[in-house]
Each structure stands twice: as structure tokens, then as C-alpha cells.
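J.: FYI, the UniProt record's numbering numbers position 4 of the sequence shown as 4, with every residue one higher than the one before it.
Just so you know, these hints were derived from the structure itself, not from any lab.
A virtual CB, placed ideally from N, CA and C, is assigned to each residue, including glycine.
Beta-carbon label-pair distances, calculated as ranges:
#1 A1 <-> D22: 19 to 25 Å
#2 A1 <-> I23: 21 to 27 Å
#3 R2 <-> C31: 35 to 41 Å
#4 D6 <-> C33: 34 to 40 Å
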Amino acid sequence: ARTYKDLIEGIELAMLEVTQKDIRNWFTHCCYCTS
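Could you put the whole structure together from the sequences, leaning on the hints where they help?
T.: Put into C-alpha cells, the structure is as follows:
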């Protein structure tokens, strides 16, 4: 990102693509208890 505003917008767009299943799988992959 060239500006702070572009950075924030990029982060927001990326966060909208992450699903609850993605988060659960990440925690499982990192050996955190997800139950």
C-alpha cells in the first residue's frame, strides 16, 4: 500500500475474506484446542 488509507482498506478487504472455518483450521494447525 502506498498510503495508510490504502493499507487500512486492504486489511479490511482481506479480513472480509476470512471465514470462521479458516480461523478454526488455523488454530487447529497451530495445535490450539478448538473445542
